[in-house]
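Trainee: Spelled out, the chains give:
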Amino acid sequence: MSTGAATEQRQFTARMRFFHWLTAAMVLTMLGIGLAMVASLAYYHRLISIHRPLGILVLIVVVIRYINRRYSTLPPFLPTMSQRERKVASASELLLYTLLIVQPLVGWGMLSAARYPIMLYGSLHLFPILPHNVMLYAVLRRAHTILAYLLSLTILAHFGAILFHTWVLRDGIFNRMAPWRVRAH
Amino acid sequence: MPDTRHFGRIAATGIVVLGAAGAFLYLGGWFSPKALTPARFADGFERVDGIYSGFRLNHAKGVCVSGSFASNSRGTRLSKAVVFKAGRVPIIGRFSLAGGNPYVADEPEMVRGLGLLFKLPDGEEWRTAMINTPVFGVHTPKAFYDRLLASQPDPKTGKPDPEKMAAFLASHPEAVQANKINQSHPPSSGFDNSTFYGLNAFWFTNVSGTSIPVRWSMVPVQAFAAANTTEPRPDKNYLFDALIAAIHQQPLQWRLIITIGQPGDPTNDATIPWPDTREQVDVGTLTLDHVESEDGLEDMETGPCRDINVDPLVLPEGMAPSDDPLLSARSAVYSQSFTRRAGEKKLPSAVTPSEVLK
Numbered sequence: 089m090s091t092g093a094a095t096e097q098r099q100f101t102a103r104m105r106f107f108h109w110l111t112a113a114m115v116l117t118m119l120g121i122g123l124a125m126v127a128s129l130a131y132y133h134r135l136i137s138i139h140r141p142l143g144i145l146v147l148i149v150v151v152i153r154y155i156n157r158r159y160s161t162l163p164p165f166l167p168t169m170s171q172r173e174r175k176v177a178s179a180s181e182l183l184l185y186t187l188l189i190v191q192p193l194v195g196w197g198m199l200s201a202a203r204y205p206i207m208l209y210g211s212l213h214l215f216p217i218l219p220h221n222v223m224l225y226a227v228l229r230r231a232h233t234i235l236a237y238l239l240s241l242t243i244l245a246h247f248g249a250i251l252f253h254t255w256v257l258r259d260g261i262f263n264r265m266a267p268w269r270v271r272a273h
Numbered sequence: 190m191p192d193t194r195h196f197g198r199i200a201a202t203g204i205v206v207l208g209a210a211g212a213f214l215y216l217g218g219w220f221s222p223k224a225l226t227p228a229r230f231a232d233g234f235e236r237v238d239g240i241y242s243g244f245r246l247n248h249a250k251g252v253c254v255s256g257s258f259a260s261n262s263r264g265t266r267l268s269k270a271v272v273f274k275a276g277r278v279p280i281i282g283r284f285s286l287a288g289g290n291p292y293v294a295d296e297p298e299m300v301r302g303l304g305l306l307f308k309l310p311d312g313e314e315w316r317t318a319m320i321n322t323p324v325f326g327v328h329t330p331k332a333f334y335d336r337l338l339a340s341q342p343d344p345k346t347g348k349p350d351p352e353k354m355a356a357f358l359a360s361h362p363e364a365v366q367a368n369k370i371n372q373s374h375p376p377s378s379g380f381d382n383s384t385f386y387g388l389n390a391f392w393f394t395n396v397s398g399t400s401i402p403v404r405w406s407m408v409p410v411q412a413f414a415a416a417n418t419t420e421p422r423p424d425k426n427y428l429f430d431a432l433i434a435a436i437h438q439q440p441l442q443w444r445l446i447i448t449i450g451q452p453g454d455p456t457n458d459a460t461i462p463w464p465d466t467r468e469q470v471d472v473g474t475l476t477l478d479h480v481e482s483e484d485g486l487e488d489m490e491t492g493p494c495r496d497i498n499v500d501p502l503v504l505p506e507g508m509a510p511s512d513d514p515l516l517s518a519r520s521a522v523y524s525q526s527f528t529r530r531a532g533e534k535k536l537p538s539a540v541t542p543s544e545v546l547k
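One line per chain: the protein sequences are A and B, in this order.
When you read off a place in the first sequence, starting at 1, and then add 88, the result is the number in the numbering used here.
When you read off a place in the second sequence, starting at 1, and then add 189, the result is the number in the numbering used here.
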């Protein structure tokens with residue numbers, strides 16, 4: 089990589105790319121488990137036993153990821169992106185971060201309001217962050233579903249935009265976040 | 190901007206995105222509208238028993254109790270669960286009658302329930318929902334659902350259609366067998382002298398890592414007396430009123446008995462009892478000394494058990510579910526029931542605060 093001007097940087101930093109793919113794997117797993125467990129009798133318990141600790145892990149990873157992002161240099165937008173598209177991309181990134189932090193907190197909060205012990209692994213469990221109140225639980229439980237669908241749609245839009253750029257515009261946008269290193273040429 | 194030459198690539202993009210969305214919807218059961226889900230199970234209860242705002246879908250009629258559990262430490266040999274260490278832990282409990290009608294008139298033959306929440310000192314909990322029959326009437330969630338639908342009262346007669354129940358039993362010999370076993374244990378006179386059974390098998394693991402299959406029951410210290418099934422009931426709440434009077438007179442006690450399974454004993458079938466010769470360990474005493482309406486001590490309050498889901502899979506470290514398919518299904522449907530009533534305005538309970546005070 090060049091040691092010269094910042095504009096030479098074509099990829100997100102290795103650490104940012106690591107966090108991106110780690111988050112992607114965890115969040116897609118979480119959404120799949122969440123959707124499947126509410127529709128399943130046979131696997132409900134096994135799935136929710138993964139859903140709870142993994143959700144907290146997502147919260148931790150996303151907070152660290154966001155801090156890392158604040159202290160990293162970002163590659164410039166590609167010239168194929170218009171001003172408006174850049175604004176939409178930035179807004180959707182902010183929306184994703186917000187959802188990824190709010191959704192685990194809502195999950196933790198709703199279990200607190202329902203007065204469930206929030207078991208993670210073995211006897212390890214979390215403290216409640218809200219008082220026991222079933223009306224509050226009902227609201228948060230509904231919010232958890234709505235946020236899950238909103239998160240799924242945002243991720244789909246993000247995925248669709250990258251596919252469009254990669255397959256239709258062929259501007260090599262994927263290289264910016266590719267898990268492997270792409271050399272400048 | 191892309192022109193028509195890009196049509197194929199745009200279409201491919203669209204198909205992949207739709208495919209990803211479809212995969213998620215598939216996981217969520219959107220393409221299997223007839224599968225038995227927790228929500229459809231809950232709908233079944235509402236269809237058969239009616240909708241009672243703010244109440245449990247099953248075991249709707251109940252009263253809150255509290256007290257403590259004193260462990261004699263003999264259970265530590267079986268499980269490392271904190272509840273078995275010598276000492277006393279607080280208990281929240283709920284006595285109930287099976288069925289979705291919270292205003293049903295008490296009958297001696299109705300299935301009685303006891304739900305318990307053990308608050309362990311390290312913040313863990315053990316919740317268990319038991320009933321007064323030695324075995325469960327069905328061995329799969331689907332059979333439970335089919336029996337529920339077969340018990341639906343006919344709108345003309347107000348009673349279940351005997352032909353439907355006969356058809357259910359004809360295709361479920363295990364249910365017939367379970368009924369026979371349960372009928373050989375006639376009900377006691379009240380809640381206070383009922384034995385409550387955990388029914389499903391679980392695994393206990395002790396500190397040295399040894400796991401054993403177990404079942405548990407709460408055996409009353411109060412002497413057994415057979416229920417009077419011939420005389421007319423004195424009151425529609427007579428079972429609950431007797432319980433309240435008994436607790437006001439003196440604390441009620443049960444011994445927690447752990448039955449240890451042997452290789453070959455079924456852990457996945459709650460309709461089959463384990464042999465009487467299995468080792469039983471008395472691990473401690475449950476004392477219930479306080480009773481309260483679900484609606485609290487005064488109007489507009491909340492009893493300690495009302496807003497709690499006695500999910501049988503809230504277990505402390507040292508206890509784990511068995512392969513019994515009823516367990517995960519119970520957890521899923523209890524959760525669905527809890528979520529529904531949490532968002533509903535609660536109607537007054539049959540056993541009112543003033544009934545508990547008198």
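Where hints are given, some of them may not hold.
[Stated by the list, open to error] Just a sample of chain A residues kept apart from chain B, beta carbon distances all over 12 Å, derived:
#1 Tyr132
#2 Val149
#3 Gly210
[Stated by the list, open to error] Straight-line Cα separation of at most 20 Å, SDA-like style, residue types lysine to any residue; simulated pairs:
#4 B:Lys535 / A:Pro205
#5 B:Lys269 / A:Ala231
#6 B:Lys535 / A:Arg203
#7 B:Lys345 / B:Ala355
#8 B:Lys534 / A:Ala231
Hints in this document: simulated from the structure, not taken from any laboratory.
The structure presented is a predicted model; accordingly, all values stated were derived computationally and were not measured.
Where is the CB? At the ideal position from N, CA and C, for every residue including glycine.
Trainee: For this structure, which hints from the list above don't hold up?
Mentor: 1, 3, 4, 5
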